[in-house]
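Visitor: One letter stands for each residue in the lines below.
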Amino acid sequence: MELYGIVSNAATTSLEPGRRPIARGKDETTEEEIFRSNPQLLKLLKSEFGALVVGHRQGDKLYHHLPPQPARIHSFVYQCSPDEVKEFSQSFDFLNILINAHLPVPTEELISASLRQMSQAYEDRRAFLVAAGKELAILLSGDLNQLKAILGRIRE
Amino acid sequence: MNQRLGIVVSGSLNKGVEVRLDSSASIEDMAVGRFVTIEGKKRRFFGMITDVSLEVIDQKLTLTPPDVSDPFIAEVLAGTSTFGIIHVSPQLTIGGDAESLLEGPQPVKTVPSHFSVVNLASQRDVELVFGTEDEKRFFIGTPLDMETKVCLDLDVFVKRSNGVFGKSGTGKTFLTRLLLIGILQKGTAVNLVFDMHSEYGWESQNEQGRKVKALKQFFPSKVAVFTLDEEGSRRRRVSTDFVVRIGYDEIEPEDIALLRQTLNLTEASVQAVYQLAREFGDKRWIEATLRLEEGDETKQLLDKLNIHDSTYRNLRRGLETIRRLPFLLPHAPDNTVKRILEYLDRGTNVILEFGRYTDITAYILVANLLTRRIYARYREATEQAMGGDAMQPRQLVITIEEAHRFLNPEVASQTIFGTIAREMRKYNVTLLVIDQRPSGIDSEVMSQLGTKITCLLDNERDVDSVLAGVINKSEFKSVLSKLESKQQALIFGHAVPVPVVVRTREYGSAESYKDFIPGEEAEVGKQAEKDIEQLWE
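Protein sequence lines correspond, in order, to chains A and B.
Residue numbering for the first sequence follows the working numbering, beginning at 2 and increasing consecutively.
Residue numbering for the second sequence follows the working numbering, beginning at 959 and increasing consecutively.
Just chain B, same shape as in the assembly (with noise of 0.2 Å):
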């Protein structure tokens, strides 16, 4: 049953309908992110609740207030004389003929007639707008206040890069797991994680202490753990495939320019950088810098390559930096980006654990060194099966946590990462940026990313960036800085129709985890289907 609201009284396509409650609907029990359905004269309009307000018809009430105390001019005035407005902004028509049942919502571009009658949504409503779970749409969470399943389409959500927004300790991480099971259960891309926090691939702990469980356990057959921390991982018993050695010869100078932040260098150690690798070749470089020693002989090639001495002494600082992470060897036993690449190929997930190399140089250093050279596969790949000699290679999906640090402004435009997020969906990579505070990075990428999926905001800058560039802006201030603090997210942009406030679907529980599950298990059955097919052709 649709449960009336109240009536449109007036409103613009631009700001959005008020509606004027019924003095039956109690405005107590209106939130903002809640779904209302319009029923205008040709056609219906779906909308969220963006504002609600108190009026009254005279302001003489405001001044000389009645006495409500006596219940029966409390009831006699609520809805007459005072009353509640509930601010709509319509978001797409459905509509009312058959032609337009087979087309779907649509956006909209008008608004309802007045007094057209506004009901809260029904849970078909909300199936008809966000369909119902199937191969290619994942389960996220539920509106709020109902049971409806909203559901992303992952299919299209992985063909761009995508943002994950929030406080720290909102759940950006829980969401991100359920996002990353998504995509895996559905298997719409292949992913590749850099996994600061170890949170990814095997257990961890939750806020309350509680053991969660994560991908490999999920998807053993299809996730492999690769780690840089040997020791730590297997004090934590997680079952990895394969150890990360990086060689000196593997970085190049424009890994070190990157990182020139981190390590505090000036912008001639960074000119020196190429300099030194022009003169030692790509793959010495860092070995023979560190290995020079005080003396004429120094000396005299600094001279020769117009180095100064500071900026020397700057550059030689920032290498000792790197130097000392342990994972770093002269020459590394195997070639990891190679290793990477042949699970990715193989549709086989990847999630690179740091364990206690949580500091940023050697996550900048790592994320970016092997997507660098990740990128430069798939580029290749991709260019090839245009040229029709090759398969397409899978959609790549990369996700890297604390975002602002390679997306900035000041590093975005030679980042790797910056680049992915401009233009590489046309190489079938994209991006899943998980950040807190989302005013770090640069306004470029922000605009570029297809869907966004913020939990609770309050910096006003953080909010600023994160809805730049969405119609009706403020509305959604409101919404976003009114999310409770856990489980809650604001999901809006490619992959759903509407923006959309979730309260995020369960995770953590011994049922929740059923749910993953029988993905896996129908993929097992497709797969013996496949194979028996197979044997009697």
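Bound-form chain A, shown alone (with noise of 0.2 Å):
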């Protein structure tokens, strides 16, 4: 089974809970010469991003709603292909998730950047975007603020 999760949430910070990074590179000119002069910061920081499930895939099948199990711990995550990206934004039933998705980040940014990046994948990308957004209007209709905020972010 393969999980499908769209990039929700991104952060860099110190290994040890709670600890703030401390301001560098006062002398430095660039920021390559910070790490250079510091090689221990490469250990002392890690990157994590977060991601919403969105769908899973079982044998040949795409579902569009939340698998029944989670995903192991120590599964390999690998970036979709843009052909991966196209099978499954075929349909746009992962935007209820996200829009009813509580995040740190507000919704109509992570709709729409999820929109954008979807729409690469396609030739016609207005296309794409116009069904997108016809879908969001039905999706979003006692709602139409967001609705205005997420069309601004997607159109050309």
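For the record, the hints were derived by calculation from the structure and aren't laboratory data.
Glycine included, each C-beta is placed from N, C-alpha and C at the ideal position.
Be a bit skeptical, because a hint or two may be false.
[Unchecked claim] Derived Cβ-Cβ restraints for the label pairs, each shown as a range:
| no. | chain 1 | residue 1 | chain 2 | residue 2 | range |
| --- | --- | --- | --- | --- | --- |
| 1 | B | E986 | A | T14 | 55 to 65 Å |
| 2 | B | K1444 | A | S142 | 41 to 51 Å |
| 3 | B | S1080 | A | P71 | 31 to 41 Å |
| 4 | A | Q118 | B | D980 | 21 to 31 Å |
| 5 | B | E1105 | A | D61 | 41 to 51 Å |
| 6 | B | K1431 | A | E110 | 53 to 63 Å |
| 7 | B | I985 | A | G143 | 21 to 31 Å |
[Stated by the list, open to error] Distance condition first, Cα-Cα at most 20 Å in a straight line; then the derived SDA-like pairs of lysine to any residue:
| no. | chain 1 | residue 1 | chain 2 | residue 2 |
| --- | --- | --- | --- | --- |
| 8 | B | K1171 | B | R1195 |
| 9 | A | K149 | B | L1021 |
| 10 | B | K1241 | B | D1207 |
| 11 | A | K149 | B | S970 |
| 12 | A | K135 | B | S1197 |
| 13 | B | K1440 | B | Q1017 |
| 14 | A | K149 | B | E1033 |
| 15 | A | K135 | B | T1020 |
| 16 | A | K135 | A | N146 |
| 17 | A | K135 | B | I1043 |
| 18 | B | K1435 | B | G1398 |
| 19 | A | K149 | B | V1014 |
| 20 | A | K149 | B | H1266 |
| 21 | B | K1018 | A | L145 |
| 22 | B | K1018 | B | K999 |
| 23 | B | K1018 | B | L1050 |
| 24 | A | K149 | B | K999 |
| 25 | A | K149 | B | Q1446 |
| 26 | B | K1018 | A | Q118 |
| 27 | B | K999 | B | G969 |
| 28 | A | K149 | B | R1195 |
| 29 | A | K135 | B | Q1446 |
| 30 | A | K135 | B | S984 |
| 31 | A | K135 | B | I1015 |
| 32 | B | K1018 | A | G143 |
| 33 | B | K1067 | B | F1041 |
| 34 | B | K1431 | B | E1464 |
| 35 | B | K1125 | B | Q1446 |
| 36 | A | K135 | A | Q118 |
| 37 | A | K135 | B | E1033 |
| 38 | B | K1180 | B | S1197 |
| 39 | B | K1018 | A | V8 |
| 40 | A | K135 | B | T1022 |
Two chains, two frames, some hints: make the complex.
Guide: Pasting the structure below:
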């Protein structure tokens, strides 16, 4: 079983929880030089990203809803190829998951960013965005301000 | 290919169904009066668009309209947040199975289920409903935005009285000419036309000043033109068949009673007419009354008959008006009624031109007088036929213009036309009523009209009276008031399966004439065939 997710959050923090990185590089001229003179930094900082699961694949079939089990620990994560993105975005059912997700980032930002990303897999980007917009117009019929915000962010 | 419009979202049998338009269908392409089909689960429905409206998914959109100058936003919102609704009134069902295909379209008794798909009606659907041109069906026009022919079943049409309505200048005359040509071409009835403005027999001019041919030019052997105004007809180079003259002795008291309004007679004067007729006899009374001179003798007579002096003067003034009509003579040289009936019996259509006597008094007097006699003869003939002695007389259609003068509520009960409209169907006589003020026609008569063909009408009362008794009246009101002022008409009633808005077939160009003649030629061919067959017998 493969899970599909949309990156919803990314952060670089200290390895130790609660410890904040200290400002460095006062006398350096480029960012690279900071790491050259403080090689330990690469070991002390970690980058994490969170992904919102929006669907899964079982056998040949793609489902645009949550999988029966969560992703296993230590599963490998890959970036989707444009073809996979195209296949997944044939249906807009995942939009409903995005709309209802409680995330630290504003929903409309996430939705518009993911649609912009997906549209790059298409030759006719506009047609894809219009179709997605129409789906959103129905889903967000009760919240026109949010709809307007998303449409404003995805228009070409 | 069927063009998909949308899906049914709500509705009722009484009020029609609401159809939500797909975003691909532009609301601006929808026009009231167009035909659609609805694909129900078990049967197909055939209906007409009767209203078009704009809807939004959320009222807030109307308060803070989105920025539609951006084509992207406009495209996204069209059909989703904002959408069009068309109102469709289902008229017929076309069954899917073989049995219902044989039965043909049936009136609707239910509505299609939720979310049934609605398509624009295809040419084939329309053909299925209106039939194709054949021996009985006459091609009258095409539906809006379509090339299919709408055909009128003239056999059914002539069996009832019918009406052609419309404001002046909307094409009533052209439509009537078409209908008459149709009846002639298909031979479903014989016509008697009281042609007030001399437009049906011989060519006349249309509004652009071009000459337009008329019946006698298409069917010279089947049409006879009678005229009241010999000189006028000769000037127009019309080949007339008979000059109508009417004798005083042919005018009966009932004929005068009908003219009460136009002659401005009082009720008492009309009573006096009957008394005078009793005194002098039905044949002589007009002449005798007109010959009365001022003096004691007259006074004695009036006293005897109990006629008041003012009544007498009132009547006298009226009779003088009639006397001034030049086609009235003390004694007519020939019997017009007899002549007309002879022609009609032979199957020749009679068009009576009034020429310069377009005065309503002349029209009412002549039309009523002749029709009353013809009515009596038809009645006799039909009753004889019922007794088994004779053939049924030919179906006769009498065309009258300015019908509200004959059929207004005050006189409809008395005039012969009121009677014909109500009951003469049984005696093979029907009316073709042409009028621009249908509200002036008695509602009882209006309700008896089988098929109504109406061009644009904008007076509220006229629209109401034409549509009286129609189901979904308010829907048709909107269709009727949106007709174009030329070449468009709403046809509904007995001879068409569903109400239909047509662009009437072209009339007036050389090509349009060609289509009228083949029927004639075919007939000649048929006759020749028959003759040959008889030769061999």
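Visitor: Now tell me if each hint is right for this structure.
Guide: Right, here's what the structure says about each hint:
At about 57 Å, the beta-carbon gap between E986(B) and T14(A) stays in the expected band of 55 to 65 Å. Between K1444(B) and S142(A), the C-beta spacing of about 44 Å keeps the proposed range 41 to 51 Å intact. A beta carbon spacing of about 54 Å between S1080(B) and P71(A) contradicts the range 31 to 41 Å that was offered as a hint. For the pair Q118(A) and D980(B), the supplied restraint of 21 to 31 Å holds, since their beta-carbon distance comes to about 29 Å.
Taken as a hint, the range 41 to 51 Å holds for the pair E1105(B) and D61(A), whose Cβ atoms sit roughly 49 Å apart. Here the CB-CB span from K1431(B) to E110(A) is close to 55 Å, well matched to the stated 53 to 63 Å. At about 24 Å, the CB distance of I985(B) to G143(A) agrees with the hint of 21 to 31 Å. Among the hinted pairs, K1171(B) with R1195(B) is consistent with the structure: their alpha-carbon atoms are about 13 Å apart, no more than 20 Å.
Only pairs whose Cα atoms come within 20 Å are accepted, and K149(A) paired with L1021(B) is accepted, the gap being roughly 14 Å. Straight-line distance between C-alpha atoms of K1241(B) and D1207(B) comes to about 4 Å, which keeps the hinted pair within the 20 Å bound. Note on K149(A) and S970(B): the hinted pairing is violated, with a Cα-Cα distance of about 36 Å set against a maximum of 20 Å. For the proposed pair K135(A) and S1197(B), the alpha carbon gap of about 71 Å is over 20 Å, so the pair is violated.
For a cut-off of 20 Å, the pair hint linking K1440(B) to Q1017(B) is broken: about 29 Å separates their Cα positions. A distance of roughly 13 Å separates the Cα atoms of K149(A) and E1033(B); the hinted pair therefore holds under the 20 Å criterion. Between K135(A) and T1020(B), the direct Cα distance comes to roughly 18 Å. Compliance with the 20 Å bound is thereby established for this hinted pair. As the CA atoms of K135(A) and N146(A) are separated by approximately 15 Å, the hinted pair is consistent with the 20 Å bound.
Distance hint between K135(A) and I1043(B) is fulfilled; the C-alpha atoms sit about 18 Å from each other, no more than 20 Å. Annotation: proposed proximity of K1435(B) to G1398(B) holds, straight-line Cα distance about 18 Å (limit 20 Å). Between the alpha carbons of K149(A) and V1014(B) the distance comes to roughly 15 Å, so the proposed pair stays at or under 20 Å and holds. Note on K149(A) and H1266(B): the hinted pairing is violated, with a Cα-Cα distance of about 88 Å set against a maximum of 20 Å.
For the suggested pair K1018(B) and L145(A), the alpha carbons sit about 8 Å apart, so the restraint of at most 20 Å is met. Of the pairs offered as hints, the one joining K1018(B) and K999(B) is violated, with about 36 Å between alpha carbons and a cut-off of 20 Å exceeded. A distance of roughly 39 Å separates the Cα atoms of K1018(B) and L1050(B); the hinted pair therefore is violated under the 20 Å criterion. Restraint check for K149(A) and K999(B): not satisfied, since their Cα atoms lie roughly 38 Å apart, outside the 20 Å limit.
For the given pair, K149(A) sits about 45 Å from Q1446(B) by alpha-carbon distance, which is inconsistent with the 20 Å threshold. Annotation: proposed proximity of K1018(B) to Q118(A) is violated, straight-line Cα distance about 31 Å (limit 20 Å). A hinted pair counts as satisfied when its Cα atoms are at most 20 Å apart, and K999(B) with G969(B) qualifies at roughly 16 Å. A distance of roughly 75 Å separates the Cα atoms of K149(A) and R1195(B); the hinted pair therefore is violated under the 20 Å criterion.
For the hint pairing K135(A) with Q1446(B), the CA-to-CA distance comes to about 39 Å; that exceeds 20 Å, so the pair is violated. For the suggested pair K135(A) and S984(B), the alpha carbons sit about 16 Å apart, so the restraint of at most 20 Å is met. Restraint check for K135(A) and I1015(B): satisfied, since their Cα atoms lie roughly 13 Å apart, inside the 20 Å limit. At roughly 9 Å between alpha-carbon atoms, K1018(B) and G143(A) fall within 20 Å of each other, so this suggested pair holds.
With a C-alpha separation of about 29 Å, the suggested pair K1067(B) and F1041(B) falls outside the 20 Å cut-off, and the hint is violated. Between K1431(B) and E1464(B) the alpha-carbon distance is near 29 Å, which puts this suggested pair outside the 20 Å criterion. The suggested pairing of K1125(B) with Q1446(B) holds, with an alpha-carbon distance near 12 Å, which does not exceed 20 Å. For a cut-off of 20 Å, the pair hint linking K135(A) to Q118(A) stands: about 18 Å separates their Cα positions.
In summary, the hint linking K135(A) to E1033(B) is supported, as the alpha carbons are separated by about 8 Å, within the 20 Å threshold. Between K1180(B) and S1197(B) the CA atoms are separated by roughly 13 Å; this keeps the pair inside 20 Å, and the hint holds. Between K1018(B) and V8(A), the direct Cα distance comes to roughly 33 Å. Violation of the 20 Å bound is thereby established for this hinted pair. The straight-line distance between the Cα atoms of K135(A) and T1022(B) is roughly 19 Å, inside the 20 Å bound, and the hint therefore holds.
Checked against the numbered hints listed earlier, the structure breaks hints 3, 11, 12, 13, 20, 22, 23, 24, 25, 26, 28, 29, 33, 34, 39; every other hint is satisfied.
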